[in-house]
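Undergrad: As a plain string of letters, each chain reads:
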Amino acid sequence: MQLKHLIRHFAVAGLALAAIVPAHAEKTVLNVYTALETDQLKAYQQAFNSAHPDIEIKWTRDSTGIITAKLLAEKAKPVADVIMGVAASSMVVFDREKMLQPYAPANLKALNPRFRSAGATPTWVGMDVWGAAICYNVAEMQKQGLPRIESWKDLLKPEFKGKIVMPNPNSSGTGFLDVTAWLQMFGEKGGWDYMDKLHENIAVYTHSGSKPCVMAGAGEFPVGIAFEYRANVVRSKGAPIDIIFPKEGLGWDMEAIAIVNGTAKLEAAKKLADWATTREANELYAKNFAVVAMPGIATRLKYVPNDYEQRLVKNDFAWMGKNRDAILAEWQKRYATKSEPKK
Amino acid sequence: MKVAGLSTLPPGRRATVSERLGGPLLLLAAVALTIFLLLPLGALLLGAVRDDAGAFSLARFAEFAATPGMATAVWNTLWVAVVVTAITVPLAFVYAYAIERACLPLRGLWRIIGLSALLGPSLVGAIAFIQWFGTQGVLKAWLGETSVYGPVGIVMATVYASFPHALMILVVALATADGRLYEAADALSASRWRKFVTVTLPGARYGLISAALVVFAYSVSEFGIPKVIGGNFPVLAVEIYVQVVGQHNFGRGAVVALLLLLPVLLAFAIDWWVQRRQQAGLSARAVPYRPRPDWRRDLPLLFYCLLLATAMLGILGMAAYTSLVRFWPYNLELSLDHYIYGLAEAGVLDAWLNSLRIAGLTALFGTPSVFFTAWLLEKCQGGPTGLRPLVRALAALPMGVPGLVLGIGYILFFNAPDNPLNGLYQTLAIMVVANIVHYYTACHLTALTALKGIDREFEAVSASLKVSPFVTLWRVTLPVCLPAVLEIARYLFINAMTTVSALVFLYSPATLPASVAILNLDEAGELGPAAAMATLIVLTSAAISLLYSLVTHLLFRRHQAWRQGQR
Chain W
1 MQLKHLIRHF AVAGLALAAI VPAHAEKTVL NVYTALETDQ LKAYQQAFNS
51 AHPDIEIKWT RDSTGIITAK LLAEKAKPVA DVIMGVAASS MVVFDREKML
101 QPYAPANLKA LNPRFRSAGA TPTWVGMDVW GAAICYNVAE MQKQGLPRIE
151 SWKDLLKPEF KGKIVMPNPN SSGTGFLDVT AWLQMFGEKG GWDYMDKLHE
201 NIAVYTHSGS KPCVMAGAGE FPVGIAFEYR ANVVRSKGAP IDIIFPKEGL
251 GWDMEAIAIV NGTAKLEAAK KLADWATTRE ANELYAKNFA VVAMPGIATR
301 LKYVPNDYEQ RLVKNDFAWM GKNRDAILAE WQKRYATKSE PKK
Chain D
1 MKVAGLSTLP PGRRATVSER LGGPLLLLAA VALTIFLLLP LGALLLGAVR
51 DDAGAFSLAR FAEFAATPGM ATAVWNTLWV AVVVTAITVP LAFVYAYAIE
101 RACLPLRGLW RIIGLSALLG PSLVGAIAFI QWFGTQGVLK AWLGETSVYG
151 PVGIVMATVY ASFPHALMIL VVALATADGR LYEAADALSA SRWRKFVTVT
201 LPGARYGLIS AALVVFAYSV SEFGIPKVIG GNFPVLAVEI YVQVVGQHNF
251 GRGAVVALLL LLPVLLAFAI DWWVQRRQQA GLSARAVPYR PRPDWRRDLP
301 LLFYCLLLAT AMLGILGMAA YTSLVRFWPY NLELSLDHYI YGLAEAGVLD
351 AWLNSLRIAG LTALFGTPSV FFTAWLLEKC QGGPTGLRPL VRALAALPMG
401 VPGLVLGIGY ILFFNAPDNP LNGLYQTLAI MVVANIVHYY TACHLTALTA
451 LKGIDREFEA VSASLKVSPF VTLWRVTLPV CLPAVLEIAR YLFINAMTTV
501 SALVFLYSPA TLPASVAILN LDEAGELGPA AAMATLIVLT SAAISLLYSL
551 VTHLLFRRHQ AWRQGQR
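Residue numbers (full-length UniProt numbering), protein chains in the order written: chain W, 1 to 343; chain D, 1 to 567.
Note that these hints are calculated values from the structure, not bench results.
Keeping only pairs whose Cα atoms sit at most 27 Å apart, straight-line, the calculated DSSO-like set for lysine-lysine is:
#	chain 1	residue 1	chain 2	residue 2
1	D	K140	W	K237
2	D	K140	W	K157
3	D	K140	W	K143
4	W	K42	W	K58
5	W	K98	W	K109
6	D	K140	W	K161
7	W	K143	W	K153
All chains, please: the whole structure from these sequences, using the hints.
TA: Listed below in structure tokens is the structure:
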């Protein structure tokens, strides 16, 4: 008798479970690959789910380099449905490999026309801009009696010998955008001349775009060539740094969203792409970035100047893409062969 | 391979059980290693001989040779590896000697501290070295004018990180010795030094060579340390990172990976050559050697252990200290904020549970696979000719393969649409398998070192008594090798707990491991929370190690009583 009861209990529980399960199963699971920060993800997911409770986002988050390598390695059988918050320079690579599904999000017309790939139907759409900045440790500045920094040229002063860290452009997109900005601002010859002199002052080329500001914040090296989002975060964690936006101009790249070619969840992916271009989404981006895709959204960041957008250099993405290999080879030739770090 | 190659027996003699079962089982191991190691590697390495259009070409090698600075990178990699090996192996040997051949108090403690570098992610070492010797470092003066960012930092951090790998093998090598040899030496009134050179060293020769190979290969293929602390000092492992992660050029990355395999081929050749000459240290008639207290030997060794243990704890301690201060080095107020932030806001708690599962499964499945394969190789006959060298080569291969290369190879191979195994991709299982394969070599060498210590006569006797070799394995070999088996399990567990390089490409949203979450925290500039979560992993691994010691202590009392000599 006992056993019979038990079986009946299980049967009832099973039925109840069966009633619940389909409700769960209706949720479309969307695999999204991203290089966004964890705290940003939470906010975006919450906002998106309040509009689309039937879609569940599963994030795979890592640094831009790792995520890009992973997406390329998975090319034959993509796992991701959507790529969100990955650098436009990576999107260009995916596009070339025919990995992206062209789609014009509902709100495309409302965006700044710079924030989309070329072509009738864009393959990727920009979300926000991240640009160069210098993290300058003021505690060390005072302790070591270092001069003020206002421009890129200031970094060439002999006092900064062995005091500057910057990302290696061969391993970091942030490093690459600095190099291309100098080449575009100072001209081909002027740019390399500048880097030759800067090289004399560089202590370490790091393999991560975030590390220079982190190291500057910890006082390892007083000056870190970084980007504004990381600078803002490091500063708000309590690091004694000033964030400097050199007056000659700033290199930048875009964070973008794209749908993966061949995804089985195309409808849900389109909904996410649509949402990413809404005013609501752009206002969320503006909490972390000074310049976003939708014009006229002005949530200024605490440590970023108002004219930030005007300071960005005129980036020619086509030129950058075409000359990437040549620029990196030249950089490698000039600066990578000296093995010993400068003292 | 023809299975008929098996029957080289003289007519009229039937194949023994060991021959009938040993061969096919070893074949099975070879197949598994091929699927989970050789084919994924091949999937990536093929890229080295293909151009952009996919046609066969050697252009990438030419490109590589023409890249400025590559010759420097090759040279740097080699000399750093030689220096690291020359420092680590003697350090670890004396430490292992102190643990196994002297009468020190708290032997278990020294052993756990000796293995402590394994307890945390390799990031811990790099962070701690920067904080001890970096620009803001407490001990910066020790380095004089030299910057820690460069070869000095790489050598120090690599010696620290590779020490436990060598220690594990050397402890096993020194655990077993024939007491009669020492008695004979005493009877001939040989000096202490002479006994060491003529009895101890030859007995541990195989372990010493294995340890040197493992340390050398570790230094060559490790990219996490030079990436963080290497400054502008180019080495090959970082070059793979730059090519694969920075430039997404898998082909050129594959060329460098192939280059890294060369030292391993060399190591395999040496290993094979030594194998043929090694004789069992523990013959069937052996009397276990049992050290007697002798303060002239024990006191210096105790100081030595104390010194090294202090240094190793100092490194872990720095990480723990960083996790407790608000903002190193400017706000040294103590707080638990980083722990709360890491666990609650950064969501490391789930990741930590994932890591526990991955590590548990890696130890559970990895230990028997590794040990059984080593046993088949060493103690059984049969199987087609060429199978044994093949399995040996496959077992030696992982130590020359950076995790990064293994990870990308796994994606390319297991995620291929026409691979029947592609259901494995994105599962926990594939991460467990990747871990076992990644750490295979050191475990294999540990098992082999232990097995080589036992005379083949045991098998011969059982065969003549018509006892199945599996019974001998269960009744004699396994109990004798129990310390090694447990060592392997612990090694797999704590490495799986802390590894990043292969898993960073293999995790799915549901299986994010803690070590990757910590790397991301550090990358984002959250040094405090990263140190806090790393400390948590160290504590977990340490707790598991202690638990292990307790449980094994009870087991040893039963199975290892023979080591204590006649009572």
